[in-house]
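Trainee: Chains as they are written, first to last, in the UniProt record's numbering: chain A, 1 to 80; chain B, 1 to 80; chain C, 1 to 230; chain D, 1 to 731.
Keep in mind the hints are simulated off the structure, nothing from the lab. A couple of the hints might just be wrong.
[Said to hold, decoys possible] Now the in silico label distances, taken between C-beta atoms and shown as ranges:
id : chain 1 : residue 1 : chain 2 : residue 2 : range
1  : A       : Arg63     : C       : Asp36     : 34 to 40 angstroms
2  : A       : Gly29     : D       : Ala401    : 28 to 34 angstroms
3  : D       : Asp576    : C       : Arg212    : 51 to 57 angstroms
4  : C       : Lys114    : B       : Gly29     : 40 to 46 angstroms
5  : B       : Asp60     : A       : Asp79     : 27 to 33 angstroms
6  : C       : Lys114    : D       : Glu597    : 38 to 44 angstroms
7  : D       : Thr57     : A       : Ser27     : 47 to 53 angstroms
8  : B       : Asp60     : D       : Thr5      : 36 to 42 angstroms
9  : D       : Asp80     : A       : Gly29     : 58 to 64 angstroms
10 : A       : Asp47     : C       : Glu227    : 51 to 57 angstroms
11 : B       : Asp60     : D       : Glu397    : 53 to 59 angstroms
12 : D       : Gly617    : C       : Lys114    : 48 to 54 angstroms
[Claimed, not checked] Using 30 angstroms as the maximum straight-line C-alpha spacing, the simulated BS3-like pairs for lysine-lysine come out as follows:
id : chain 1 : residue 1 : chain 2 : residue 2
13 : D       : Lys137    : C       : Lys114
14 : A       : Lys2      : B       : Lys2
15 : D       : Lys208    : D       : Lys321
16 : A       : Lys19     : B       : Lys34
17 : A       : Lys34     : B       : Lys34
18 : D       : Lys194    : D       : Lys56
19 : D       : Lys194    : C       : Lys75
20 : D       : Lys137    : D       : Lys562
21 : D       : Lys321    : A       : Lys34
Beta carbons: idealized from backbone N, C-alpha and C, even for Gly.
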Amino acid sequence: MKARVHVTLKPGVLDPQGKAIANALHSLGFDGVKEARQGKVIDLDLDDTDAEAARARVDDMCRQLLANTVIETYRIEVDP
Amino acid sequence: MKARVHVTLKPGVLDPQGKAIANALHSLGFDGVKEARQGKVIDLDLDDTDAEAARARVDDMCRQLLANTVIETYRIEVDP
Amino acid sequence: MKSAVIVFPGSNCDRDVAVSLEQTTGRPPVMHWHADPALPEDLDLVVVPGGFSYGDYLRCGAMAAHAAAMTGVRKAAERGVAVLGICNGFQVLCETGLLPGALMRNRDLRFLCKDVHLRVETTDTLFTGHYAPGQVIRIPIAHHDGNYVADLATQCALEDEDRVVFRYCDPAGKVTEDANPNGSLDNIAGILSEERTVLGLMPHPERLADPRLGGTDGRPLFASLLEALS
Amino acid sequence: MTTITPNIIAEHGLTAEEYQRVLDILGRAPNLTELGIFSVMWSEHCSYKSSKKWLKTLPTSAPWVIQGPGENAGVIDIGDDLTAVFKMESHNHPSFIEPYQGAATGVGGILRDVFTMGARPVANLNALRFGAPDHPKTRHLISGVVAGIGGYGNCVGVPTVGGEVNFHPDYNGNILVNAMTVGIAPADRIFYSKASGVGNPVVYVGSKTGRDGIHGATMASAEFNADSEEKRPTVQVGDPFTEKLLIEACLELMATDVIVAIQDMGAAGLTSSSFEMASKGGLGVELTLDRVPMREEGMTPYELMLSESQERMLMVLEPGKEPVAEAIFRKWGLDFAVIGHLTDTGRMVLTWNGETVADLPIDPLAEAAPEYDRPWEPTPPAPVVDAADVPEVPWTEALPALMGSPDLASRRWIWEQYDHMVMGDTVQRPGGDAAVVRIHGSERGLAMTTDCTPRYVRADPVMGGRQAVAEAWRNLTAAGARPLAVTDNMNFGNPEKPLIMGQFVGACQGLAEACRALDFPVVSGNVSLYNETEGRAIPPTPTIGGVGVIDDLDRMATVTFKAPGEAIVVIGERPDTRESGWLGQSLYLRELCGREEGAPPPVDLEHERHVGDVVRGLIQAGRVSACHDVSDGGLLVAVAEMALAGDMGAALTLAAPSAAALFGEDQGRYVVTVPAEGVTGLLAELGTLARHIGDTGGTGPDAAITLGGAEVALSDLRAAHEGWLPGVMGA
Ligand SMILES: Nc1ncnc2c1ncn2[C@@H]1O[C@H](COP(=O)(O)OP(=O)(O)O)[C@@H](O)[C@H]1O
Ligand SMILES: [Mg+2]
Numbered sequence: 001m002k003a004r005v006h007v008t009l010k011p012g013v014l015d016p017q018g019k020a021i022a023n024a025l026h027s028l029g030f031d032g033v034k035e036a037r038q039g040k041v042i043d044l045d046l047d048d049t050d051a052e053a054a055r056a057r058v059d060d061m062c063r064q065l066l067a068n069t070v071i072e073t074y075r076i077e078v079d080p
Numbered sequence: 001m002k003a004r005v006h007v008t009l010k011p012g013v014l015d016p017q018g019k020a021i022a023n024a025l026h027s028l029g030f031d032g033v034k035e036a037r038q039g040k041v042i043d044l045d046l047d048d049t050d051a052e053a054a055r056a057r058v059d060d061m062c063r064q065l066l067a068n069t070v071i072e073t074y075r076i077e078v079d080p
Numbered sequence: 001m002k003s004a005v006i007v008f009p010g011s012n013c014d015r016d017v018a019v020s021l022e023q024t025t026g027r028p029p030v031m032h033w034h035a036d037p038a039l040p041e042d043l044d045l046v047v048v049p050g051g052f053s054y055g056d057y058l059r060c061g062a063m064a065a066h067a068a069a070m071t072g073v074r075k076a077a078e079r080g081v082a083v084l085g086i087c088n089g090f091q092v093l094c095e096t097g098l099l100p101g102a103l104m105r106n107r108d109l110r111f112l113c114k115d116v117h118l119r120v121e122t123t124d125t126l127f128t129g130h131y132a133p134g135q136v137i138r139i140p141i142a143h144h145d146g147n148y149v150a151d152l153a154t155q156c157a158l159e160d161e162d163r164v165v166f167r168y169c170d171p172a173g174k175v176t177e178d179a180n181p182n183g184s185l186d187n188i189a190g191i192l193s194e195e196r197t198v199l200g201l202m203p204h205p206e207r208l209a210d211p212r213l214g215g216t217d218g219r220p221l222f223a224s225l226l227e228a229l230s
Numbered sequence: 001m002t003t004i005t006p007n008i009i010a011e012h013g014l015t016a017e018e019y020q021r022v023l024d025i026l027g028r029a030p031n032l033t034e035l036g037i038f039s040v041m042w043s044e045h046c047s048y049k050s051s052k053k054w055l056k057t058l059p060t061s062a063p064w065v066i067q068g069p070g071e072n073a074g075v076i077d078i079g080d081d082l083t084a085v086f087k088m089e090s091h092n093h094p095s096f097i098e099p100y101q102g103a104a105t106g107v108g109g110i111l112r113d114v115f116t117m118g119a120r121p122v123a124n125l126n127a128l129r130f131g132a133p134d135h136p137k138t139r140h141l142i143s144g145v146v147a148g149i150g151g152y153g154n155c156v157g158v159p160t161v162g163g164e165v166n167f168h169p170d171y172n173g174n175i176l177v178n179a180m181t182v183g184i185a186p187a188d189r190i191f192y193s194k195a196s197g198v199g200n201p202v203v204y205v206g207s208k209t210g211r212d213g214i215h216g217a218t219m220a221s222a223e224f225n226a227d228s229e230e231k232r233p234t235v236q237v238g239d240p241f242t243e244k245l246l247i248e249a250c251l252e253l254m255a256t257d258v259i260v261a262i263q264d265m266g267a268a269g270l271t272s273s274s275f276e277m278a279s280k281g282g283l284g285v286e287l288t289l290d291r292v293p294m295r296e297e298g299m300t301p302y303e304l305m306l307s308e309s310q311e312r313m314l315m316v317l318e319p320g321k322e323p324v325a326e327a328i329f330r331k332w333g334l335d336f337a338v339i340g341h342l343t344d345t346g347r348m349v350l351t352w353n354g355e356t357v358a359d360l361p362i363d364p365l366a367e368a369a370p371e372y373d374r375p376w377e378p379t380p381p382a383p384v385v386d387a388a389d390v391p392e393v394p395w396t397e398a399l400p401a402l403m404g405s406p407d408l409a410s411r412r413w414i415w416e417q418y419d420h421m422v423m424g425d426t427v428q429r430p431g432g433d434a435a436v437v438r439i440h441g442s443e444r445g446l447a448m449t450t451d452c453t454p455r456y457v458r459a460d461p462v463m464g465g466r467q468a469v470a471e472a473w474r475n476l477t478a479a480g481a482r483p484l485a486v487t488d489n490m491n492f493g494n495p496e497k498p499l500i501m502g503q504f505v506g507a508c509q510g511l512a513e514a515c516r517a518l519d520f521p522v523v524s525g526n527v528s529l530y531n532e533t534e535g536r537a538i539p540p541t542p543t544i545g546g547v548g549v550i551d552d553l554d555r556m557a558t559v560t561f562k563a564p565g566e567a568i569v570v571i572g573e574r575p576d577t578r579e580s581g582w583l584g585q586s587l588y589l590r591e592l593c594g595r596e597e598g599a600p601p602p603v604d605l606e607h608e609r610h611v612g613d614v615v616r617g618l619i620q621a622g623r624v625s626a627c628h629d630v631s632d633g634g635l636l637v638a639v640a641e642m643a644l645a646g647d648m649g650a651a652l653t654l655a656a657p658s659a660a661a662l663f664g665e666d667q668g669r670y671v672v673t674v675p676a677e678g679v680t681g682l683l684a685e686l687g688t689l690a691r692h693i694g695d696t697g698g699t700g701p702d703a704a705i706t707l708g709g710a711e712v713a714l715s716d717l718r719a720a721h722e723g724w725l726p727g728v729m730g731a
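Model the full assembly from the supplied sequences, consistent with the hints where possible.
Mentor: Below, the structure is given as C-alpha cells:
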C-alpha cells in the first residue's frame with residue numbers, strides 16, 4: 001500500500017525557499033507569479049493492507065518525525 | 001489561479017533523503033515501511049486566467065528552474 | 001566539572017568541542033555514542049555538538065531528536081544538568097522540544113561559514129558569566145539552517161524572561177538587518193530554556209577558543225561553565 | 001544472449017583494432033559483460049592510453065616520498081612518524097551536466113582515494129574553471145558546483161580550505177572541476193591496493209549498487225557533442241552522510257590488523273577495483289555477483305560490474321577476520337558482504353545464479369591495454385610583447401579595474417559556502433597564498449595550494465607548465481612552508497589532435513623541469529582529456545596541487561599587513577627587468593587593453609629556487625612580518641591584496657613607474673613587509689635582490705594606496721574586489 005505525505009509550512013511562516021523561487025522566476029521573466037511556496041512530499045511504500053490502519057500509522061510517523069509541527073502542517077493521502 | 005508542481009526523483013536515481021527517512025522510521029519502530037522517497041511540491045499563485053496558458057507557462061518554469069530534469073521528473077496540476 | 005559530548009554518526013564538531021572543553025577544564029569529556037540511552041553518572045554538562053547528526057536530510061536534527069542518547073539527555077536536563085547545543089546541537093534541541101522554536105533554511109539559502117559578531121544579551125546564565133553584559137564578541141558560524149523562527153508567544157516569552165543570550169550584531173554592537181546573516185527572528189543567535197539550564201546557539205564558540213585559530217572570544221563560554229558547575 | 005555487433009562495439013568506445021585485440025586475448029568473442037569490462041578498463045580514463053608515455057617522464061622520487069604515482073594517492077613523510085596522503089581528481093563532464101551532483105561526487109571520490117590509504121582527510125581544495133561570466137550558463141554552473149562541493153565537504157566534516165577559480169570563454173562548454181584532498185596517516189599504517197593471499201575473502205562495504213553512472217568512465221573519455229544530453233541519466237547522486245560513515249568505519253577497521261588490501265570503487269566501480277587489486281597482486285579473483293548489495297531489482301551482471309554508485313569500497317581481509325570487520329561496518333550502519341575470494345588462476349571469474357558470466361585473464365588484459373604514442377606538434381612560439389606598444393592606463397584606474405576583474409576578484413562568495421574551519425585546525429583560512437592546517441595536537445602545519453595559469457600554458461605549454469609548478473611552490477614558500485611534493489590534474493582537449501597532444505607533451509616537459517629544479521616531485525595525479533565542445537578545446541590546464549610543511553607555526557607567514565610604518569620590500573627582481581616588466585599574457589594586457597596575446601613570462605627555475613629559499617629563510621628567521629608572492633596582476637596588485645587583507649594602506653615610493661613595472665607579471669618575486677628596525681640590514685644583505693618600495697600606513701576610512709602623488713582609497717578597492725562575484729551571482 002502506498003501513502004503520500006504532504007508537508008507544508010504553516011501559513012504565516014516565512015518561506016525562504018518559496019521567496020527565492022518567486023524571485024528567480026521573476027528574473028527569468030515570469031512576471032505573473034504572485035507567490036511561491038515550497039513543500040515536501042514523502043512517498044511511502046507500506047506493508048499494511050488496511051487503509052485506515054495505514055493512515056493512523058502514517059499520522060504517527062508525521063507527528064514523530066516527518067513534520068515539525070512547530071512550523072509545518074501535513075496532509076496524508078492513502079492510495080489503496 | 002493556483003498551480004502545483006510535484007517534483008520527484010527519476011526512478012533509479014539514488015535518493016539519500018528517502019533512504020534516511022526509511023531508516024529513521026525503522027529505528028522508531030515503524031517496521032512496515034518498505035521504501036520512502038522524498039520529493040518537492042511547489043505551489044504557485046499565478047496571474048493567469050486561462051488554465052491552458054498557465055499550464056504551458058508552468059511547464060516552461062519547470063524546465064528552466066523548478067525541476068532538475070537531469071535527475072528529476074515533474075508533474076503539473078492547475079487548479080482553475 | 002564532568003562533561004559528555006553526544007556523538008551521532010554524522011557529528012563532525014564533536015572532537016572540536018572536546019578539545020575546547022579539555023583546554024578550559026583540564027578534563028576531557030566523555031564521548032557518548034548516540035545509540036546508548038544511559039548517559040554517564042554525575043554529569044555536570046552535556047554537549048550536543050555541531051555536524052550533520054544523521055545526514056540531516058529530512059530536517060536538521062529531526063532524526064537525532066529520536067536517538068537513544070537523547071532520552072538520556074532529556075532526563076539529564078530534567079534533573080537540571082546543563083545542556084549546551086551548538087549549531088546542529090541547537091537544531092537537535094529544538095527538535096526534541098528542549099528549546100522552543102525551529103531553525104529554518106538561511107534567508108539566502110546558502111550555507112554560510114564566516115566570523116560574525118554577537119552581542120551578549122544576558123550574563124545571568126551558567127554559560128555567559130565570564131562575558132560582560134552587552135559585550136560584543138566575534139565567533140564563527142557555519143550552517144545552512146540557522147534562521148530561527150518562533151511564534152509570537154514564544155518570542156514574547158524569550159524576551160520577557162531574558163532568555164535571548166546572543167544576537168547577531170555589527171562590530172559596534174548594533175543589532176541591524178545587515179548584521180543578520182541568516183534571517184533569524186530578532187537577530188537571535190542563541191536562546192535558553194525556561195529553567196535557564198539549556199543553551200542552544202548557532203555560532204561555534206569552540207572554533208575561536210585558541211589564539212592559533214585567530215581569536216579567543218569563545219573561551220569565556222567554557223570558562224563560565226567551569227566556574228558555574230565546579 | 002546479446003550478440004556483439006559492430007554497433008555495440010562502437011558504443012563501448014572500442015576501435016576495430018582494440019576489438020581485435022580482445023578477440024586475440026580471449027580466443028573467442030566476448031559476451032556483453034566481458035565487452036563492458038574491456039571497454040571501461042581500456043577507456044582513456046582508466047588506461048591512460050594517450051598520456052602514459054609522457055607521464056612516465058615526470059620526476060616522482062625524493063627521500064621523503066613514500067608512495068609515488070600508481071596507488072590511490074601519493075604519500076610523503078612529514079616527520080613525527082606521520083605522512084601526508086594526497087591527490088587531485090577531475091569531475092569535469094559530470095559537473096557540466098549536473099553541477100551540484102557532479103561536483104559533490106567529485107569531492108566524494110577524491111576523499112575515498114585518500115582515506116582508502118589509511119589517512120584521515122584533513123583538508124579539501126578545489127580548482128575550478130568556468131566560462132565567460134556573462135555566458136548564460138555560467139551563473140547556474142557556479143552556483144551548482146559551489147553548492148555541491150560545499151554540500152558534500154561540509155556534511156562529511158572535512159574543511160575546504162583552498163583552491164582557485166578562473167574564467168574564460170573557452171570553458172563555456174566545458175568547465176573544469178578538479179578536487180583535491182589531503183589526509184594524514186601514521187607512517188606505519190598505510191594501506192595499499194595490492195591483493196595477496198589465495199583464498200582470502202573479498203569484501204564489499206558501503207552503499208548498495210544501483211544503476212548509477214553506468215558508462216560514466218566511457219563518457220569521461222569521449223568528446224562532448226549535442227547529444228550528450230542523452231547521456232544524462234548516467235549522473236550519480238552523492239550521499240555525503242554515507243561517506244562520513246564509511247570514513248569512520250574504515251579508519252576504525254584500519255586500526256586493527258585485518259585488512260590485506262583495500263581499494264575504493266571509483267570510475268568503473270567494481271570492475272576496476274577488483275581488477276586492479278588482483279592485477280597488482282598477480283592473482284585471480286572470483287566474485288559471486290548475487291551477493292553484491294543491490295539497490296534495485298532486476299540488475300544484470302553487466303550493470304553490477306559497470307555501475308558507478310558512490311560511497312563503496314572493496315577490501316581483501318585476512319582469512320577468518322570477516323566478523324571483526326562486519327561488526328564495525330554494522331555499527332556504522334553500512335552494508336557489508338563477502339562477495340568472493342582470491343584465486344591463483346590469474347583470471348577474473350564472475351558468477352551469477354550459479355553460472356559463469358565472465359571469465360577473463362587479468363594480466364593479458366592489463367598488459368594489452370592500448371598505449372598510444374600520439375602524433376604531436378609543438379605550439380608555435382608567440383612573439384614577445386613590446387611594452388612600448390602597450391597603452392599606459394593610469395594606475396589609479398588600472399588598479400581598481402584589475403582588482404575587480406574576473407580572475408582577480410575576491411572568491412569570498414565561494415569559500416563562505418565551504419565550512420573551512422571544521423576540525424578546529426585551520427590556521428590559515430582561504431584568501432591567502434596557501435591554506436594552512438595544523439597537524440592535530442602539534443605546533444606544526446601542512447600548507448597547501450592549487451595553481452595553474454592556463455593563458456600562459458596555451459601561449460607556451462613548456463613555460464606554462466613550469467610556471468604552474470613554480471607558482472605552487474612559491475605559494476607554499478610565501479606561507480613559510482617547505483614545499484615537499486605535488487599532485488597534478490592534467491586537463492586538456494582531444495589528444496587525437498596533434499596540437500592538443502603537443503600542449504600535453506609541452507606541459508609535461510615544463511612540469512618535469514620545474515619539479516626537478518625545485519625538488520618538488522609528483523606523487524599522484526589524474527588526466528582528463530577530450531575537454532572539448534563542438535570541436536573547441538579548453539585552454540590547456542595542468543592544475544598543480546602542492547603540499548608543504550611548516551615546522552613551527554609561530555614562524556608562519558600571512559599576506560596581511562600587520563602594523564603601520566613597516567617597510568614594503570620586493571624580493572626577487574632581476575636587475576635586467578627591474579624597471580621594465582613583462583606584459584605578454586598579463587591580466588593588464590587582457591583586462592585593460594583587450595589583448596590576450598604574446599609570450600608568457602619566462603620562468604628561470606634557478607632564480608626561482610634561489611629567491612624562494614631566501615624568502616623562506618627570512619620567514620623562518622622571523623625577519624619579515626608579512627609575505628605574498630607576486631603573480632596575476634603583478635606587483636601593485638600584490639601590494640593591494642596585502643593592504644586589503646590587513647585593512648591598512650601603503651605609501652609607495654616608486655618613481656614614475658610604467659604600467660609594465662606595476663602590472664608586469666615577471667616571475668620569481670615576493671613582496672614582504674619588514675619592521676623598520678630590520679630594513680637596512682636586510683637590504684644590505686640582499687643587495688639587488690631586494691628593493692624598498694614604500695611603507696605601510698593608514699587605517700580606517702582614510703586608508704589608501706598612494707603613489708606618485710595620486711591615491712586610491714582602500715574602500716574603493718575593496719568595493720571593486722569584493723563586489724564583483726556577488727554581483728555576477730546576483731547576491
Ligand atoms: N598526471 C598524472 N601524474 C602523475 N600520476 C598520475 C597522473 N595521472 C594519474 N596518475 C596516477 O595514476 C594512478 C591511477 O590514477 P587514477 O585512475 O586517476 O586513480 P583512481 O583509480 O584512484 O581514480 C594514480 O596513482 C595516479 O596518482
Ligand atoms: Mg582510487
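Trainee: If a hint holds in the structure, say so; if it does not, say that too.
Mentor: The hints, checked one at a time:
A hinted range of 34 to 40 angstroms for the beta carbons of A/Arg63 and C/Asp36 is inconsistent with their spacing of about 26 angstroms. One distance hint, 28 to 34 angstroms for the beta-carbon pair A/Gly29 and D/Ala401, holds here, with the actual separation near 31 angstroms. Evaluation of the 51 to 57 angstroms hint for D/Asp576 and C/Arg212 yields a failure: the beta carbon distance comes to about 43 angstroms. Between C/Lys114 and B/Gly29 the beta carbons are some 41 angstroms apart, a value that agrees with the proposed interval 40 to 46 angstroms.
For B/Asp60 and A/Asp79, the Cβ-Cβ distance of about 30 angstroms falls inside the hinted range of 27 to 33 angstroms, so the restraint holds. Between C/Lys114 and D/Glu597 the C-beta distance comes to about 39 angstroms, which sits within the given range of 38 to 44 angstroms. At roughly 50 angstroms, the beta-carbon separation of D/Thr57 and A/Ser27 lies within the given 47 to 53 angstroms, and the hint holds. In this structure the supplied range 36 to 42 angstroms holds for B/Asp60 paired with D/Thr5, their Cβ-Cβ distance being about 41 angstroms.
Restraint check, D/Asp80 to A/Gly29: a C-beta distance of roughly 60 angstroms satisfies the suggested window 58 to 64 angstroms. For the pair A/Asp47 and C/Glu227, the beta carbons lie near 55 angstroms from each other, so the given range of 51 to 57 angstroms is met. Checked against the hint of 53 to 59 angstroms, the pair B/Asp60 and D/Glu397 fails, with Cβ atoms roughly 43 angstroms apart. Between D/Gly617 and C/Lys114 the Cβ separation comes to about 35 angstroms, which falls outside the hinted range of 48 to 54 angstroms.
Note on D/Lys137 and C/Lys114: the hinted pairing holds, with a Cα-Cα distance of about 28 angstroms set against a maximum of 30 angstroms. At most 30 angstroms may separate the alpha-carbon atoms for a hinted pair to count; A/Lys2 and B/Lys2 meet this at roughly 26 angstroms. At most 30 angstroms may separate the alpha-carbon atoms for a hinted pair to count; D/Lys208 and D/Lys321 meet this at roughly 22 angstroms. Restraint check for A/Lys19 and B/Lys34: the C-alpha separation of about 35 angstroms exceeds 30 angstroms, so the hint is violated.
Between A/Lys34 and B/Lys34 the alpha-carbon distance is near 39 angstroms, which puts this suggested pair outside the 30 angstroms criterion. About 21 angstroms separates the Cα atoms of D/Lys194 and D/Lys56, which keeps this hinted pair within 30 angstroms; it holds. With a C-alpha separation of about 51 angstroms, the suggested pair D/Lys194 and C/Lys75 falls outside the 30 angstroms cut-off, and the hint is violated. A hinted pair counts as satisfied when its Cα atoms are at most 30 angstroms apart, and D/Lys137 with D/Lys562 does not qualify at roughly 41 angstroms.
About 63 angstroms separates the Cα atoms of D/Lys321 and A/Lys34, which puts this hinted pair outside 30 angstroms; it is violated.
The structure fails to meet hints 1, 3, 11, 12, 16, 17, 19, 20, 21 from the earlier list, while all remaining hints are met.
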